Amino acid sequence: MDRRDAPPDARQRFRRTLVRVLTIQVIALALLWLLQTRYAG
Amino acid sequence: MHPINWIIVVVYITYVMVDGIRRAKGTKEIEGYFLANRSLPWWAVGLSVMATQLSAVTMIGTTGQGATDGLRFVQFYFGLPLAMVILGVTLVPFLHGAGVFTAYEYLERRFDAKTRSLTSFLFLMSRGMAAGTIIAAPGVVFSAIFGWDLLWSVALIGVPTVIYTMLGGVQAVTWADVKQMVLIVAALVAVVIVLLVQLPVTPDDALAIAGSTGRLQVFDFSFDINETYTFWSGLIGGTFLMLSYFGTDQSQVQRYLTARSVDEARSSLLMSAYWKIPLQALVLLVGVLVFVFYLFQAPPLLYNPAHETSVRTAEPSAYAEMESRYGSAFDAREAAARAVADARASGDESAAASAMSVFVAREAEVTEIRGEALTLAEQVTGESSRDVNYIIPRFVLDWLPIGLGGIFIAAVMAAAMSSIAAELNSLSTATVIDFYRRWFRPEASDAHYLRVSKLATLFWGVFACVVATFAATLGSLIEVVNRFGSFFYGSILGVFILGMIPGARAVGGFFGLLVGMGTVAAVNFGAPSVSFLWHNVIGAVTVVVVGLTLSLGTRAAR
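Residue numbers (this note's numbering), protein chains in the order written: chain L, 1 to 41; chain Y, 1 to 558.
If you're looking for bench data, these hints aren't it; they were derived computationally from the structure.
As the structure is a computational prediction, the values presented were derived from the model and not from experiment.
Note that the Cβ used here is the ideal one computed from N, Cα and C, for glycine as well.
It is possible that part of the hints are untrue.
[Claimed, not checked] To be clear about the criterion: a stretch of chain Y counts as covered by chain L if any three or more of its residues have a C-beta under 8 Å from a C-beta of chain L, and this derived list gives those stretches: (1) 217–229; (2) 261–270; (3) 273–279.
[Claimed, not checked] Taking beta-carbon pairs under 7 Å as the criterion, some of the chain L residues facing chain Y (in silico): (4) T17; (5) V21; (6) I24; (7) Q25; (8) L35; (9) Y39; (10) A40.
Kindly produce the complete structure, drawing on both the sequences and the hints.
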């Protein structure tokens, strides 16, 4: 099976999940960055 | 350890074993035994993926690393979310859609039998040894802490795991992983809460004190390929490592091949993408808080009780003198830490900064004396101290409330068992599917393969326990195998990438793999200071470049 064969709703769901994953990562990294600048600076 | 803690540990092990055996009842053929008939929900598979990756080394070694080195190790995982997303788009649909039992089976369909057999053989060799070291790591710590023979520690962890994995197959492994993951996270959160309650300073002051020693320095943006943990090695090298691990290592691939559909397999991997970095930061934070805790409670000079006894016996006067200096240095450091908290509470920034610099100097004195003790321990015992692995177990047994100590020790065992179970299950799968069924008995009945699969699980379980029992004497051999393993991890990823490129041919896949492994070996011995995270990038890129060149060359020759 290829990504191109995936039904449109599956692709849309995957895109939504991708955005969520990246958002969580940005938030996690931002929190770690805040921790570092506040306490390790 | 208190009897109540032991009861918790025994009840937990019994429960996991009985539940595993109960799940064996529905398994009548190898599709069910190895892939749960591709019927598992994404969240169970996702938790199983995370539990497999989180071993006992994470619970005792990484938390200890947090206490001594701080949070910077979390950078190692910066490439993981990206790798999971890439795998979700590329390899997961390929492997799940191909209906294979092993990742290497796909390589035969795409290239040839020898490429499949070579990659599967490399997996069996490295993972067989790795399973032994996964049992040995907590086994060695338990035997030092509880004063047992290593054999008993190995048996306590290994025997129940082998039994439920052998009888229940992947169903038992996955559902045990779900429970184990819940237990592990609950234990970590409970320890953080207990630490925060027991600290005599506010969480804000605790973090400020830890931060002054550099333990909250998470990001290192230097582009130094000799440095293991930097932002760039984690993001680039880590992405390649995670792609290799989650995309081509049977112990991980088999987890998501059990999912109901490609979408559920993707979702299971994305669970790790969501939670791995926060979870790893939590693990390291436990260590950082234990460091702060021991600023106010006198810590042992050596955390490893076996080494402490050996040094005290062999060098009584030298050790007593060190302990005396250590006690004075600890008192001075504790006073300095309290002064930091007081100065911060008064709101006087210059007083706080000055108190902080005094604390850092006192901390350096304590570290220096501990360094002397570690050197003495290494001289007396003739072995590497690995004292960092004993910081958390000692804290758990000495300071956690009754019951919680048992839960934490059960969680360490759960972490070990979940990783070993996945290894044994995948080793058995590769043995039976890639070798026994492929080369020796291609037409046997399912019942026959099921019997052989259980025997293969038992064989690898016994093999892992034997390796773990002789871990101390096999130390150099295991190191060689682990080092050898790092040579081909990235290279195997390269073969899979090559498989997805339409023009690639079998000759490119097989010889590209050999050249890739050779190149990583040459880099390892020629430039040993290059951080191992970069080996995966070098291996994968070499295989793709060499494989494509050979493929184009053979096509032109025809």
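Here is how each hint holds up against the structure:
no., hint, verdict
1, 217–229, "holds (count 3)"
2, 261–270, "holds (count 5)"
3, 273–279, "holds (count 4)"
4, T17, "holds (6 Å)"
5, V21, "holds (5 Å)"
6, I24, "holds (5 Å)"
7, Q25, "holds (5 Å)"
8, L35, "holds (6 Å)"
9, Y39, "holds (3 Å)"
10, A40, "holds (4 Å)"
In terms of the numbered hints stated before, the structure departs from none.
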